[in-house]
Structure formats: structure tokens, C-alpha cells
Amino acid sequence: MSRRDARPANTSPASTSPATKGLQSTGPQEMVERALAAARSGDCIVIADESSTANLRWAGNTLTTNGVARSRQLTVIAINRRAAGTSVGVVSRAGVRDDQVEDVVRAAEQAAADGSPAEDAEPLLGPDDDAVRKIPGLARWDDPVASTEIGVFSGFAADLGGAFEAAQGAGRRLYGYAEHSLNGTFLGTSTGLRLRHDQPSGKVELNAKSADLARSAWAGVGTRDFTDVDVGSLDAGLEQRLSWAQRKVDLPAGRYETLLPPGAVADLLVYMYWSAGAKDALDGRSVFSKPGGGTRVGERLSGLPLTLYSDPALPGLACSPFAVAHASRRDASVFDNGLGLQRTDWIRNGELAALLQTRHTAELSGLPVTPGIDNLALAGPPGSTASLEDMVARTERGLLLTCLWYIREVDPQTLLLTGLTRDGIYLVENGEVSGAVNNFRFNESPVGMLGRLAEVGAAVPALPREWGDYFTRCAMPPVRVEGFNMSSVSQAS
Amino acid sequence: MEPSTQAGMRPGGGEPGCGHTIDPEFAGLPLRELAAAALQRARELGAEHADFRAERIRGQEIGLSDGHLETLVDADELGLAVRVVLNGTWGFAAAVDLTTQAAVRAAEEAIDVARVAAAMNTERIELAAEPGYGDVSWVSAYDQDPFSVSVGEKLALLSGWSEQLLASPVIDHVDASLVQVRECKFYADGATTALQQRVRLHPVLTAVAVEPSGRFETMRTLAPPAGRGYEYMTGSGWDFEAELARLPELLAEKLAAPAVQAGRYDLVIHPSNLWLVIHESIGHATELDRVLGYEAAYAGTSFASLDKLGSLQYGSPAMRVTGDRTVPHGLSTVGYDDEGVAAQSWDLISGGVLRGYQLDRRIAQLTGFGRSNGCAFADSPGHMPIQRMANVSLQPGQDGPGTDELIAGVTNGIYIEGDKSWSIDMQRYNFQFTGQRFYKITNGRLDGQLRDVAYQATTTDFWNSMEAVGGPQTYVLGGAFNCGKGQPGQVAPVSHGCPTALMRGVRVLNTAEEGA
Chain U
1044 MSRRDARPAN
1054 TSPASTSPAT
1064 KGLQSTGPQE
1074 MVERALAAAR
1084 SGDCIVIADE
1094 SSTANLRWAG
1104 NTLTTNGVAR
1114 SRQLTVIAIN
1124 RRAAGTSVGV
1134 VSRAGVRDDQ
1144 VEDVVRAAEQ
1154 AAADGSPAED
1164 AEPLLGPDDD
1174 AVRKIPGLAR
1184 WDDPVASTEI
1194 GVFSGFAADL
1204 GGAFEAAQGA
1214 GRRLYGYAEH
1224 SLNGTFLGTS
1234 TGLRLRHDQP
1244 SGKVELNAKS
1254 ADLARSAWAG
1264 VGTRDFTDVD
1274 VGSLDAGLEQ
1284 RLSWAQRKVD
1294 LPAGRYETLL
1304 PPGAVADLLV
1314 YMYWSAGAKD
1324 ALDGRSVFSK
1334 PGGGTRVGER
1344 LSGLPLTLYS
1354 DPALPGLACS
1364 PFAVAHASRR
1374 DASVFDNGLG
1384 LQRTDWIRNG
1394 ELAALLQTRH
1404 TAELSGLPVT
1414 PGIDNLALAG
1424 PPGSTASLED
1434 MVARTERGLL
1444 LTCLWYIREV
1454 DPQTLLLTGL
1464 TRDGIYLVEN
1474 GEVSGAVNNF
1484 RFNESPVGML
1494 GRLAEVGAAV
1504 PALPREWGDY
1514 FTRCAMPPVR
1524 VEGFNMSSVS
1534 QAS
Chain L
1075 MEPSTQAGMR
1085 PGGGEPGCGH
1095 TIDPEFAGLP
1105 LRELAAAALQ
1115 RARELGAEHA
1125 DFRAERIRGQ
1135 EIGLSDGHLE
1145 TLVDADELGL
1155 AVRVVLNGTW
1165 GFAAAVDLTT
1175 QAAVRAAEEA
1185 IDVARVAAAM
1195 NTERIELAAE
1205 PGYGDVSWVS
1215 AYDQDPFSVS
1225 VGEKLALLSG
1235 WSEQLLASPV
1245 IDHVDASLVQ
1255 VRECKFYADG
1265 ATTALQQRVR
1275 LHPVLTAVAV
1285 EPSGRFETMR
1295 TLAPPAGRGY
1305 EYMTGSGWDF
1315 EAELARLPEL
1325 LAEKLAAPAV
1335 QAGRYDLVIH
1345 PSNLWLVIHE
1355 SIGHATELDR
1365 VLGYEAAYAG
1375 TSFASLDKLG
1385 SLQYGSPAMR
1395 VTGDRTVPHG
1405 LSTVGYDDEG
1415 VAAQSWDLIS
1425 GGVLRGYQLD
1435 RRIAQLTGFG
1445 RSNGCAFADS
1455 PGHMPIQRMA
1465 NVSLQPGQDG
1475 PGTDELIAGV
1485 TNGIYIEGDK
1495 SWSIDMQRYN
1505 FQFTGQRFYK
1515 ITNGRLDGQL
1525 RDVAYQATTT
1535 DFWNSMEAVG
1545 GPQTYVLGGA
1555 FNCGKGQPGQ
1565 VAPVSHGCPT
1575 ALMRGVRVLN
1585 TAEEGA
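Going line by line, the protein sequences match chains U and L.
Numbering-wise, my numbering comes out as the position in the first sequence, counting from 1, plus 1043.
Numbering-wise, my numbering comes out as the position in the second sequence, counting from 1, plus 1074.
For the record, the hints were derived by calculation from the structure and aren't laboratory data.
A quick note: this is a predicted structure, and the numbers were derived from the prediction, not measured.
Even glycine gets a Cβ: it sits at the ideal position worked out from N, Cα and C.
Treat each hint with caution, since some may be false.
Unchecked claim - Example chain U residues on the side facing chain L (calculated, C-beta under 8 Å, incomplete):
| no. | residue |
| --- | --- |
| 1 | ALA1370 |
| 2 | GLN1385 |
| 3 | TYR1449 |
To be verified - In silico DSBU-like links for lysine-lysine, alpha-carbon gap of 30 Å or less:
| no. | chain 1 | residue 1 | chain 2 | residue 2 |
| --- | --- | --- | --- | --- |
| 4 | L | LYS1514 | L | LYS1328 |
| 5 | U | LYS1333 | L | LYS1494 |
| 6 | L | LYS1494 | L | LYS1228 |
| 7 | L | LYS1328 | U | LYS1333 |
| 8 | U | LYS1291 | L | LYS1382 |
| 9 | L | LYS1494 | L | LYS1514 |
| 10 | L | LYS1328 | L | LYS1494 |
As the list claims (entries may be wrong) - Chain U is nowhere near these chain L residues, computed Cβ spacing over 10 Å in every case:
| no. | residue |
| --- | --- |
| 11 | HIS1123 |
| 12 | PRO1205 |
| 13 | ALA1241 |
| 14 | ASP1381 |
| 15 | ASP1473 |
| 16 | GLN1547 |
Throw the hints in and build the complete structure from the sequences for me.
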């Protein structure tokens, strides 16, 4: 959020409402230092998360709910290295007061003492490690913490109010949601790391329906500060799609040539990315497992020279340049906290190139250390410049989707996913949209789909609708898929 | 207006105190002082309604992979929230510091938010009346607070179970997890001051078998999440020892099972699978806020529109579905909801006909229902309460058959146990589910497991195909910790009870063919 867009915070009448002593907390930097100073265990990691969010929600051309919230969370990761093995205790507490910091540290140390050995144990990283020294673009540790407020929407809200009026006059209903957040992550370790990342995030989802609710269209965009959100343009696009739906075409279930817009591509590939953990692949329990043992790294997944990658410095979609793990899980290790992240190609020239790795799983697999990164981009073959409109223009007969919904895994062996089309699926004939089609339930695997791509367009910023609560930073192209499996008709409109 | 509970009974299924005191660290905070300061400030600034919440939510997650500790996290969330209605517009703000200054500031911010929002609001917010209950407290039904048990004891139990499974030659990997929550809430609106505590936990063990060919199968325990204490882990409410003893043999049979032939089959569905169909196709479909379009851009709407109340033949005459927030050990069971409404129980469907909805105070007032049935819930102090799901349950037939009798009535069908994959469209028509175990039924008898099975249906077709419901002896309370709804996204725990049921002529898919 740009600070100039934010309204100044209200000053509280402290003289009439005195603070209750002892229940306040300090800033995140000091909290990290306090916790590290209190630590008795040999190794300790402290993460302070300072977050603020503001949101607006609307339905039927009127605002419904809204709010602002702040949160502060302290996570202490105590590491107990003993002869029987290294054990870890993690305690996260929100709203920690100064007088509670030591309690959190002691609780984490107790949990570490009670815990059994951790398989992912590694030495902690320090400021002199190569993997840390070369991290570019770090935020300054001591800078003040910024927060977002409801005022971030002041320009957007005015435009939205205008859109409500226009929609009301035109017999349309607008539904949707806008959210902005600022998350500051402060990572400190007993080995001397002090790393900070400030992450602005935001999104707008706008859904337009005809007055009888029979026609529906959706658009969504990610944003860092709401200065680049054009409500009028979003609304105009939805108006066009509602007009496409004036003509209805009933189609049966079946396999269709289908154009997926960037957001729908993002939803399928984000799920595939989440399923690309090296541990599961090594255990023989993922679509990326090699029969008989090992992983499928090096195997061709697509006949097209596609590249699926993540890059903390991706323009407009930048994310944390170092690993942050509040707890160890299959694809993340607390011991990797602070590990520098660089561009990683998950698929390169159509071949599986990397899986989500911790230092521990990298040792097991013999592959490079490639931790998860909080953005995802797909690049088509060189010269992939087509827009979705270009691809529609050269379609003889096919389906054009708006978005996918309620995506769930059916079979991990093939990564078969199911879900629904939603808020606009159109028939394209002879290069033009000829009408709106009934919705379908699909059963498709994103891995299988990569092998059936007939065309890939130019990548643009894309908001995955299904996973937008968790993952907003994507750059995806529109794609043309042969034989997309529309398994059954859905009556939903 | 009187609350629906009988005099002398405590709403929500909890025992009076259950022998437990509410977390003294939370109860010892100056909650009433904070509430008084916030509510007074909101009134000074012109709010026609204001309520205050403070919450402490303790969570602990333990995860083991092949008997080795992988994840151990203790979480503790504490905060306050103020919600106001100013000139007919909502305003909401939350804070993490539990000081009077922060409480007052939250009230002011909520008023500020309402002022900004007013420019876009065309529907005046009014709340259905609810009696004041004074200063009340409530604790859910459990024996042993899971946070009173040492991590070491929990790890020993989970690693022991993992090793027991890994000893089988069939099983290559075992995941074990245990999630536990203790949720304390304080609510005040000037008429009601409610202090509540509830406990829940969810243990899961998943066994994985990998063949040299690369094919793999999994099988998970069917034990549902429960509004119980640690006693659930040691035999009260579920027999884990018996379930784990059967798992290797069941997984071996699944590995060797033939693939299903796609087509239409009669289905006998065990509660461990049917609860999720109820959740998706009835629970969400009867949330009146989404029926009215307030979730239209996200979770969706519902085919069960208000004009169909009293006439929609949702299912067969055997179908009676209740909404309630009172059943003991229910995950949605409370004493009072997050708007100070006392917990209740009511019919959503009876005789197969749509009879009711789930309501909060705003929606109840807007639609003329008069009183909320107590379905407001916020999953954290940082979120505004929205209408969330009650325990929505399919009632058994009073003298209904057992599962074996239902199977005996099927010539060519499939018996289904356990939930796995689920998906439904945004108006709750078209759904697809898979499960943990599928058994072929031939001439009234189980005839071995099948693999690669999914079933698809349209909600009303499915429930109207329900020929029979099992008796009380087949009834199980299932549920989930993680029902998602709303923007910003919120998760809520909810239970669904049901008997085994028989459905005729449901479409069954072969998932391998679907993905080919």
C-alpha cells in the first residue's frame, strides 16, 4: 500500500481510556531480540509476523461486510540437539505481550525437550553462509512497520459506488470482494540472522449477474496497492460477457477443444505445484514418483518447450527472497529458515526440472535444494505472443472458459482433479463467441493436460480464483487444450 | 421472545461446567472492562448496535511421518473485536492488544469503517431481536482437556500406532496427525455477556502401500473429528485399536481389487461417507445468506430458494434433516452463538420437504423469520461473524434397518465407507464424491472391494432416490474441522450425524477412465 493513500489513524482518547498496564507489546524487531535473548537452547529461531488487512465485500449492488484487522504473531522454534538426535519445539502465539515473550520461549523449549528427533535436522544458517549472503532486495530490518487501513480503498470505493449505480440502471447486479494486506515477516536466529520481508498483497473479484441471475460473469485481478485497479474496465469486460450469454447453447458432456484463460490455467498449475513435493515423490506416492523408486525429474511432460518457474524477483509479483518456515512439513523445514531463494525452473523446455525440496530431501534425492517460492509463472515457447482474443479468433469450434471452481483431487496417482466451470463458459464458432453454454463438471489432470496443449499464448498477471485465498502471485498464458474432459452437465448458472 | 431451551437446561449440550473451569488465563483478563469501554465508545459515536468479542484459541498440531515427528506446533491466538451498526451500515474492527485503549480504538475504527462503507450501502442493516441472558457461561462436554496431556504422551501413542501399521508387509508409509483446539470466547452486547469454552480434536492415520509397478493406494482411519477431549484417543467414543488392526488387511484387499465398471448402481452409503454429502448438498444449500446471494461471488448461491420453502421435494419421504447447535460432542455445538443467540434445534427438511434454513440475526430480520436460530460464528477475533453451519444431520428411522439389512436389499450395487474427494457446484446441484472403501454388492452380499470409484449426482435426484434410512444403531456423528466460507475466508468446525442409507440408481464413474 502506498502510504499517501492511507488515511491517518485515529488518535485514541488515551486521557479518557487509559491503557491497562502490562498488556501491551513492543514492535516485532524488539520482540525477536527479546525472544532470542531469553532462549536457553543452543539453537533458536524466532519469527515475528506483523499483519494488517482491510476488506470490503458487496452483493446485489450494495456493500455487505467490511473490516480492518491487525494481528501480531510470535513463533519461537527451539532446537534441542542431544545425543539421541535433534528435536524441535514450535510455539506460535498471537497478540503476545512483552511479559509473555519468555513464556513462549520456555514453552517452545519444553516442546523440544518432549519431542522426538526430527528427520530434517540440519545446521542453522548464519549470515556468513553463501545461501544467505547473496540474497538481493532485502528490506531494512529497523525500518518502521507499515500497516494498511480502510483508506486504501478510498479511490476504489468511489469507483465501485459508481459501478453500483451504473449496474443498477442497466439491470445488472454486482457481487464481489476487495482485500488488501500488508504482512511484515521478521526472522531472527541465534546464529545471527536478521532477515525481514514486507509483503503487500491485494485482490479484487468482481462478479456481474443479470437481474434474473440467469447470466453470470467474473473477473479478478491481483494488486499490491489498489492504485492499478480499474473498476470501469473490469465492469465493461463483464458487461460484454453478459451480452455473449444472451444466446444459450445446450451442450452434452464430452471432451472438447477448450480455451483456458490465464486465471484458470493458474488454478490448475498452482495445485500441481503444491503437489510437486520431493518427499512424496521419493516415497512413491505422487504423480512425480518414478515406478521402482526415485522421481520423474528429467522426464518430458509436454511436447511444447514450456517453462514453469518461480522467481522472488518476478516484476510486479515479487515475494519473499528467503525461505520462511513456521513449522516443518513434508515440503518445508524449519532448519532452512533464511535460505536464499532464486529463480527456479520446475519445468524447463517441457521437462520436469525440479521438485519442492528442503535441504534434507535434497540430500535424499541427490537433487539441488529448491524450496517453495510464493509465486508461479508459465512461459510458452519463444514467440508465444497470442492473447486470449487472438486465440478465440483462430478457433473453428471450441469452448472458452472463464474460471474453474471447487477443484479437488480425485486420484493422486495421476493427479486427476475434478471441479466445475463457473460464471461464463462460451461456445466459440468460426472465430467468434456464438453463445453461452451450460456449466460442466470436469475431470482432468494438469499433468496430463500439459501433454495435450495445442497452443500457448502470452503470459499475463493472473489471479487463480479457487486458490486466491492462499496464492495470488501468478503470471500465466491462455492455453488451448485438446479433449478437455467435461464429465457431466451442471445445472448451476 | 423466549429462548427455545427449557428452563433449567443449559443450551448447547454441555454439562453445567462439566467439572471444568474456563481457562483461567482467559477468564482472568479484564474482559468485562474492555467490553464496557468499547461499547460505551461505540454508543458515544452514534452506533445503534454494538457488540464486543474477545477470544483465545489454543491449537496444537502434531504430525508424524513413518513414526518420526515431522510437525509439532502450538498456536495461541488472542484478540478482541468490535462490531457496530451505524446508520444501518456494518462496521468491524479487531485488535490484538487487550487493553482498554485498544478496545476503544477498535470501536472507533469500526465506526470509521461503517462511515466509509455507508457510501456503498443500499440495504439498511437491522438485527432480529434476541432476549438478553445476563451474565452466563457454558463449557462443552468433554472429560480431559487435550492441553493437559503432555506432548510426550501424545507422541508415544501416535508413534506406537504408526509402528503397529508399519509392521505390516503391506504398508510402506504411515502418516499420523492429531489436531486439537481449545476455543474460549467472550461476547457482550449490553444485554448478554457470555463466557464459553469448547474443546475438539481430530486424529487421523493414513496408510500407504506402493507396488513395484509404481501403483499406490492409501487408506485412512474413519474416526471423525469430535467435540471431545483426550479421552477420545483412549477409547471413549471410538475404538482406534480395532480400526487400526483391520487397516492392513483392508488396504491389501484394496490393492488387489478390480476396477469398477462405470454405470448406474444402487448405493448403500455408510455415515463415514454420507456425512460429507449432507454437508455439501444440504448444509450449505440451506444457508439463507447464500440462498439470498450474499455468497454469490465466492461460495455461491443455492437452488433451495426462499420461494421453495415448504414445497421443494428435496428428497424422499424418509428424509428428515435437522439443524442444531445442541448435540453433545457436536463440533458446531455452543451455548450461545457469536451474536448472543441461545443454541437451538430445528427442522430443515421433514417428509423430504424443505422446511427451514440456517439464520443469523441480520438475515432473520431481513426475511421475516423473526428470530435467528443461532448460526453466527467467527473463526477468530480478527474476523466478523457470518452465518455458519449448524450441526446438520439426517435422522435415522425409528425402527430402521441395520446396514446388513440395507445391503441385503440390493442385487447389484456398491457399499461405500469413508470420505475422500468431494466437489459440488456453486448452486449445490452437481456433486462428485469418492471414498476410502468401495465394496461390490451382489445379490444382497458384499463381494469384495472395488477401486477407481467415484459417484456423481444432482442433489435432489440423489436424495429422492433414497429408498431407506438405517435405524439408530447405524447412526454416527461425522464432521470436519475445516468448512470454508466467506471473504475474508473463515473455517468452521461442524458435525453431521446420519444413519446408513440406501440410494437407488446412482451414476458411478471409473476415475482411471475419466483421467485417461
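**Numbers of unmet hints, in rising order** = The structure conflicts with hint 2 only, although it agrees with all the remaining ones.
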